[in-house]
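Each chain is listed here by its residues.
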Amino acid sequence: MKLSTKLTLFITGSKLVIVLLFVAALPILVKEIASQYTNYTLKQQRSKVLSIVKKNGLDYYLQGEENYGSYTLLKEEFIAFLPVKTGFSLDTIKDAQRLIEGDTLSYRVLSHTFKNKQKTYLLEIGKTTASIHQYNKPLQRFALYVLITLIVMTVLIDLTFIRLILRPLGSIIKTRLVNRVFPFDVEQKRIQTNTTDFKYLDESLLLLMDQINEAFYKEREFTSNASHELMTPISILQNKLENFLAEEGLDANQSVAVVEMMKTVDRLKKITSSLLLISRIENEQYIRKEELRPMELFQEIVDEIRHRLEEKNISISLDISPDALLKDVNRNLLFQLFFNLIHNAIKFNRQDGRIFIKGGRSNDGKYYIHISDTGIGIPKEDLPFIFDRFMKTNLAAQVGYGLGLAIVKSIAIYHRIQITAESEPGKGTTFKLRFN
Amino acid sequence: MKVLIIEDEKTLAYEMEAFLKKSFYVCDLAHSFRSGVEQLELNQYDFVLIDLSLPDGDGLDVLKHAKKSNPGAAYIIITARTNLKDRVSGLDLGADDYLAKPFYLLELQSRMQAIARRKFNITEEAISIGEFQVDIQNRLVTCDGQSIEFSRKEFDLLSYLLLHKNRVLTRAQLSEHIWGTFVNDDYDSNYIDAHIKNIRKKLNACGSTEWLETVRGVGYRIRK
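First to last, the protein sequences are chains A and B. In this text, residue positions in the first sequence follow our numbering: the first is 169, and each later residue adds one. In this text, residue positions in the second sequence follow our numbering: the first is 411, and each later residue adds one.
Same shape as in the complex, but just chain A:
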């Protein structure tokens, strides 16, 4: 799940929980507020009544009567004075039933005793409980609507803001991490952001890329150094033996011994140069800017390798359009790649065997080349490892140094060629190359 989606979901969720809690509490809250407000109004009314009594005397209400009572038209509110025993004291607000003109109704009643001219009176002010809670429902509904609107608005704002805030992360990934090729271009602009975390991430990635570049350059330097350091002693050995072989007075046995030594040095030389070739390809030290026609390349290889074909009387058939053209390749490397494959197809073939080379376009428009032989094949358990360095299969047959296919693989990777091998022991092997 995307970070922005997660954040939005979390924010929306937490808001919903709060809203639900609030909605659940809303009736109680509204009720409480209404009741508190009623109590307050009752107290206000009491003060007002008492101040009138103080100012005009109680008779203003009693008009000579023993007690006084008054109520509104719908009996929603009432006010009453009545004398009580001296010493009786009361000052409460509570819900109680009162009988007014034959109707028994529930009221919130404020009861307050006070003294007037040596007599104690009880003042009661009441308000029907029904009228207290009449606004509860509309209030709740209104609050709910306002809340929902607010939530929707804040979620929309959050969504936009989160997108805006997370945008640098996307560009960091896009420009720093996706589809990068060695060596990295570290001279890139910093990602524009004022979020410290993203700045830190960007800086760290650039630093990491720098370190990788450094390691990469060191390896390249090592390759070059190693080549010099190894090739020079091999050179000395080879040239010394060469001079030694030319010496007068060397008998036949000695000559053969020198030649054997030369063969060993030659082997050392070829292993070293193969490893260097692979590491140079992996370090991308070759230019891929040439064009070539596979047909011409194969004819050239066949020409070069004809003596080996004749040696085993192997026939080779080329089924390739002369117009086919490969672009952005390194000619020498592709020569080496196909040379090695055809060389193997001969080496592991039987006497009077055949080699088929077929090129064409598959349904998706990609160019492919298949090279099949009628050779001894590769055992199934060895097939996944044939491209590994120093992997030697078919040990019964004449083997090389185990680097031929490793070179093929590295050249293929360098040219973004997919290469796979299929084989049936005793029948033959097919190498399939797909150009991208």
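Hints were generated in silico from the structure; no laboratory data involved. A virtual CB, placed ideally from N, CA and C, is assigned to each residue, including glycine. Hints are all accurate, no fakes.
Computed footprint of chain B on chain A, listed as stretches where at least three residues anywhere in the stretch have a Cβ under 8 angstroms from a Cβ of chain B: (1) 411-420; (2) 465-478.
Incomplete in silico selection of chain B near chain A, CB under 8 angstroms: (3) T580; (4) Y601; (5) H605.
In silico SDA-like cross-links for lysine to any residue, where the CA-CA straight-line distance does not exceed 20 angstroms: (6) A:K438 x B:F513; (7) B:K529 x B:Y508; (8) B:K575 x B:I525; (9) A:K408 x B:C437; (10) A:K560 x A:T432; (11) B:K563 x A:F503; (12) B:K634 x B:F565; (13) A:K199 x A:K295; (14) B:K432 x A:F412; (15) B:K575 x B:D603; (16) B:K611 x B:L622; (17) A:K262 x A:A298; (18) B:K412 x B:E451; (19) B:K563 x A:E479; (20) B:K563 x A:N481; (21) B:K575 x A:G417; (22) A:K408 x B:L509; (23) B:K431 x A:L405; (24) A:K408 x B:Y424; (25) A:K408 x B:A428; (26) A:K367 x A:L345; (27) A:K480 x B:A604.
Add chain B to chain A, keeping to what the hints say.
Okay, now just chain B, sitting in the frame of chain A:
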């Protein structure tokens, strides 16, 4: 002919000297950038062999110096750096050839002979051997005025043996000259022998090929 070998690896320089002396080249050795430049100021050479990686300077700079003080010489760059870039810049600066270490001294010599033919206009007359005339420049083999057809590889093989006559050439030396150094890992196979067999067959139609000897366990030699 006079040769200056600028190579910091002394053993290697001595081997090259020993080899070239046998072919009647006169050699001077320099083991550093400085002594190389000094020698070039003092003497005139026909050939200058330059190792690219010298302890106190870049071989390519020696080449620049040398082109001024010895403009008539032929230059061969020798290096273990088989980088394409070095190769191009070496040839750009006017090197006549380029050899990657390790190389066979035989190969060095035949490159020098090729340069000499080209650069110093040395025209060799057709070499006669047995009943045959071999014109290396025009790639022709004749016998009794009749020319004998050889494939490119066959002729290369024959002429290489002829250029190094009276020397046993191993199969690896022949193979590397004709098929190059790109990795072919089974020169032990007998394709060189197959070519020699073909050459003998073609020559035998006209005359004896006793001069083309097989040296058991070693290789081939043309004795003259």
